[in-house]
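Add chains B and C to chain A, keeping to what the hints say.
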Amino acid sequence: MRIGTLKQSYTADAALFDSRTQKVWLVVGAALLVLFPFIASDYWLYLACLVAINVASATGLNILTGYTGLVSLGQAAFMGLGAYTVAIMQTRLGTPFLFNIAAGGIVAMLGGLVVGIPSLRVKGLYLAIATIAASFIAHFLFANLKLTGGTSGLSLPPAQFFGLPLDTSFRLYWVIVPVMLLMVLGAANLFRTRVGRAFIAIRDRDISAEVLGIPLLRYKLLSFGLSSFYAGVAGGLWAYFFRVVTPESFPLLMSIFFLAAIIVGGMGTILGGIFGAVFMTMVPELLKLVVDLLPGGVEMTVFLSPVRTVVFGLLIVGFLVFEPHGLAEVWRRIRRFFHLWPFRN
Amino acid sequence: MDWAYLFEIALTGIAGGGIYALAALAFVLVYKATRVVNIAIGEMLMAGAYLFFTFAASFSLPIWLAALGSVIGTGLLGAVIERTVIRPLLGEPPISVFMVTVGLASILVGLVEIIWTADQRRLPEFLPNAPVMIGDAFLAPKIAYGASIAVVLIGMVLLLFRFWRGGVALRATASDQAAAYSMGINVPRVFSLAWVASAMIAAVAGVIVGAIGGISSSMGVFGLSVLVVVIVGGLDSVLGALVGGLFIGLVEALAGAYLGGEYKLLATFIVLVLVLMVRPYGLFGTHEIERL
Amino acid sequence: MPDEPHRDDFCAPAASVLQVDALTLAFGGVKALTNVGFGVAPGSITAVIGPNGAGKTSLFNTISGFYKPTQGRVLFEGEDITHLPAPKRAALGLARSFQNIALFRGMTVLDNIKLGRHTHLKTNVFDALFYLGRARREEAELRRDVEERIIDFLEIDHIRHASVAALPYGLQKRVEMARALAMQPKVLMLDEPVAGMNREETEDMARFILDVRREWGITVLMVEHDMGMVMDLSDHVVVLNFGQVIAQGTPAQVQADPEVIRAYLGAGDVGELRRRLRGESMAGAA
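Residue numbers (the working numbering), protein chains in the order written: chain A, 1 to 345; chain B, 1 to 292; chain C, 1 to 286.
Because the hints were derived from the structure by calculation, they are not lab data. All C-beta atoms, glycine included, are put in the ideal place defined by N, C-alpha and C. Mixed in with the good hints, there may be bad ones.
Claimed, not checked - As a list, the in silico EDC-like pairs of lysine to aspartate or glutamate whose alpha-carbon atoms are at most 20 Å apart:
1) 123(A) with 8(B)
2) 264(B) with 248(A)
3) 88(C) with 248(A)
4) 142(B) with 125(B)
5) 122(C) with 141(C)
6) 146(A) with 262(B)
7) 288(A) with 42(A)
8) 68(C) with 21(C)
9) 68(C) with 206(A)
10) 123(A) with 42(A)
11) 264(B) with 8(B)
12) 186(C) with 157(C)
13) 186(C) with 235(C)
14) 186(C) with 145(C)
15) 186(C) with 77(C)
Unchecked claim - Across the chosen pairs, the derived CB separations fall in these ranges:
16) 87(B) with 285(A): 50 to 56 Å
17) 31(A) with 58(B): 55 to 61 Å
18) 31(A) with 261(B): 55 to 61 Å
19) 332(A) with 261(B): 47 to 53 Å
20) 186(B) with 214(C): 56 to 62 Å
21) 176(B) with 334(A): 42 to 48 Å
22) 260(B) with 113(A): 36 to 42 Å
Isolated chain A (complex conformation):
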């Protein structure tokens, strides 16, 4: 049972991981992350990379929607911007992959700023619908510009690390996971400072935020820019991971997926972005396993896709009705239980 952690300085109180047990778990977690690629099969490595990419993007969306309260259905489109930038730069310029990914983030960020400009006049649901429109326009551009290879898209060679091609999940893991961790850490840091607080203020009551001197448009644009930068980087990683980028790679459904992920995980919490992305990525895999185990063989697999769709919808509806604060809240309850045990309250 954890009775209370004594802090002796204000800085200590503000730290991200504040108790000894948390620090121990942190070290264990880091060790596991390092060990994982050596003991996991190719399939699990593939999943891990996919999960990491999704965590990065979900965290970005959480900054915009969970923390700043600006509902966006354009996350996939911004990822697409990043992915296409990376593909174009890798195939035409051959520049180093980290540079390309950063460029992808910046291009996506610019896109985010453009979409964010109307956010002062256009609020709430209207903004969400505007982002749907932006998503469509982006899709149209991807499918019809020669630069982006039209409907067949672009394929790109593997990223190069000092001559070593990063063409397996094992090798890409060492790029994707650290980048994801940095991004998550950055987001966590953000909310210890005035910038993050301003975002939350805008979400909760923007009139009060103005009275406190927070310039709304500037911070809304900042939020858009930051979250689309995250999406762009995630898209860049995606491009190096799948090595093919087509207009169908980033459909509106993917934006819905990310929105669902932060709802299921818990909007407005860093942990929520992580939980949500992991959960939503793993659920289809779990379903596949279940369908494989059922008798009926091949006929059952034809049901996999629609069942996945139904489960997806059920998760969204279920969490919103029964657990609106998401898995992060469930986690908090579990932790509280263990902290207080053997007491109940």
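Chains B and C only, in chain A's frame:
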């Protein structure tokens, strides 16, 4: 400039717009009464179309019975949705309700695919086949008759809600819930009524759309155009739904004819963006002023 | 000193820290404020009173910058801020609390208070993402300052990590004042600071307001209905009715003004009201 061609296209667009107007009416009904943006409106259309298909094709019921069955069945679906999914989220932030309808759309699409597979199907023919001519302009018969049915239904709904007690209750609840309660109006029942009515109207629209272009599990994308219609017209405006429907129908027809099929949705969304920038509350929507 | 078509027994000192001149605010055909003018002396406690619907909150909203007046000006330390956007007024030193508590429900008490200091901090997004150097330093300094000067002063140290949504009304109002204080304001505008409070909470809040003026030198402008508090605390009282200033002066002067009495009571017994007001005022001072 081929004026005759333009006239034909415009006519088709306006007729198509009539169907948009019908679907938009269903949407506005729910928004006016419960303040919910129902993203799943396209999927409710789809449900109506598929029920009709089941009754008419699989059970071989006569068309009028199949249509009745579809309307009642979808109405029931609307009631169930309202009770189980919308009511618990009363008072939650709009994004939650919005996302719930997104989840709902997903569930409906998945269910349709499980029961009927994702293949496209044709509805049994029940609309007259003879081409419709207005002067020298040709109007596809299915669109013409579909639009006519839509217009008649819209008229009926408008009359109903102007003069029937339930319609008055709906308008009262829409403008002030607390006041409606204190007048003795059973507000939860009004909510159910709105959703049931909306679903039934959507069913008819779905049957029409299905009759024109066949049914498939991706029919719900129709809902995106409907969304643009209600934004252009104003989320809570019936007049806006009608005018917006005709306008978007026209825009899509013109874009499709002069630019190409793949430009239809793009044109619609560009109109959306323009409207959002210039008149975010739509042509006839009410702008709610925030009290400080 | 602005012209006023009514009795004016008080002369504002030459350098008012906040002044409104001939302020008129119309919404379509409805005039919320008509030719409102008064000055707030630095270091004073000024109260704006008036029956419901008199335009007090509209006045506050105009000074805050949410409403643009149809005519007239708002001056802050001599500068015309009438057309300055609301967010910029905070940096000048104008802080304000709201009638219905406008705390940020998704945050803790501490974070809410820290938000008050927003305009005076310099951390930008890059500092924030990496949380090194400037961000770390600013946050540490802010925390120390908030803890030692504000949280201690308002006696809310036991709830600093609590989520504001879970707090009782009285404490929420105190947190709102704490946040306003974090803005390091020159002028603190309080919109009904003791509305809905019981006797004890009201006395606590009155004590805080007096301490704020004494220890920090902050000028206070408040809208309030609690007459006892208004008469006890204020140096200067402005009375609004139907959007116009019908009287202003010291509490004693205003209490005696028949216009004021008529505004509150209609044509009632003036003598009776005088007795009642004097009685309450003396009990409060005791």
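* Mind checking the alpha carbons of residue 186(C) and residue 77(C) for me, to see if they're no more than 20 Å apart? => Since the Cα atoms of residue 186(C) and residue 77(C) sit roughly 10 Å apart, the hinted pair holds (cutoff 20 Å).
* Holds or violated: residue 68(C) with residue 21(C), Cα cutoff 20 Å? -> Holds, because 13 Å separates the two Cα atoms, which is no more than 20 Å.
* Is it true that the CA of residue 122(C) sits at most 20 Å from the CA of residue 141(C)? -> Cα-Cα ~12 Å, so holds.
* Range agreement (Cβ of residue 261(B) with Cβ of residue 31(A), hint 55 to 61 Å) -> holds (56 Å)
* If you draw a straight line from the CA of residue 142(B) to the CA of residue 125(B), is it 20 Å or shorter? -> holds (10 Å)
* Taken at face value, is the distance from the CA of residue 235(C) to the CA of residue 186(C) at most 20 Å? -> holds (17 Å)
* Is the straight-line distance between the alpha-carbon of residue 68(C) and that of residue 206(A) 20 Å or less? -> holds (18 Å)
* Restraint status (C-alpha distance of residue 186(C) to residue 157(C) at most 20 Å) -> With Cα atoms ~24 Å apart, residue 186(C) and residue 157(C) exceed 20 Å; violated.
* Would you check the hint for residue 264(B) and residue 248(A), treating anything up to 20 Å between C-alpha atoms as holding? => Within the cut-off at roughly 18 Å; holds.
* Between residue 176(B) and residue 334(A), does the C-beta distance stay in 42 to 48 Å? -> Since residue 176(B) and residue 334(A) have Cβ atoms about 43 Å apart, the given range 42 to 48 Å holds.
* Asked: Given the hinted pair residue 123(A) and residue 8(B), is their alpha-carbon gap at most 20 Å?
  -> Outside the cut-off at roughly 39 Å; violated.
* Under the criterion that the straight-line Cα-Cα distance not exceed 20 Å, is the pair residue 123(A), residue 42(A) satisfied? -> Between residue 123(A) and residue 42(A) the Cα gap is close to 45 Å, so the pair fails against 20 Å, i.e. violated.
Violated hints for the displayed structure, listed by number in ascending order: 1, 3, 10, 12, 16, 22.
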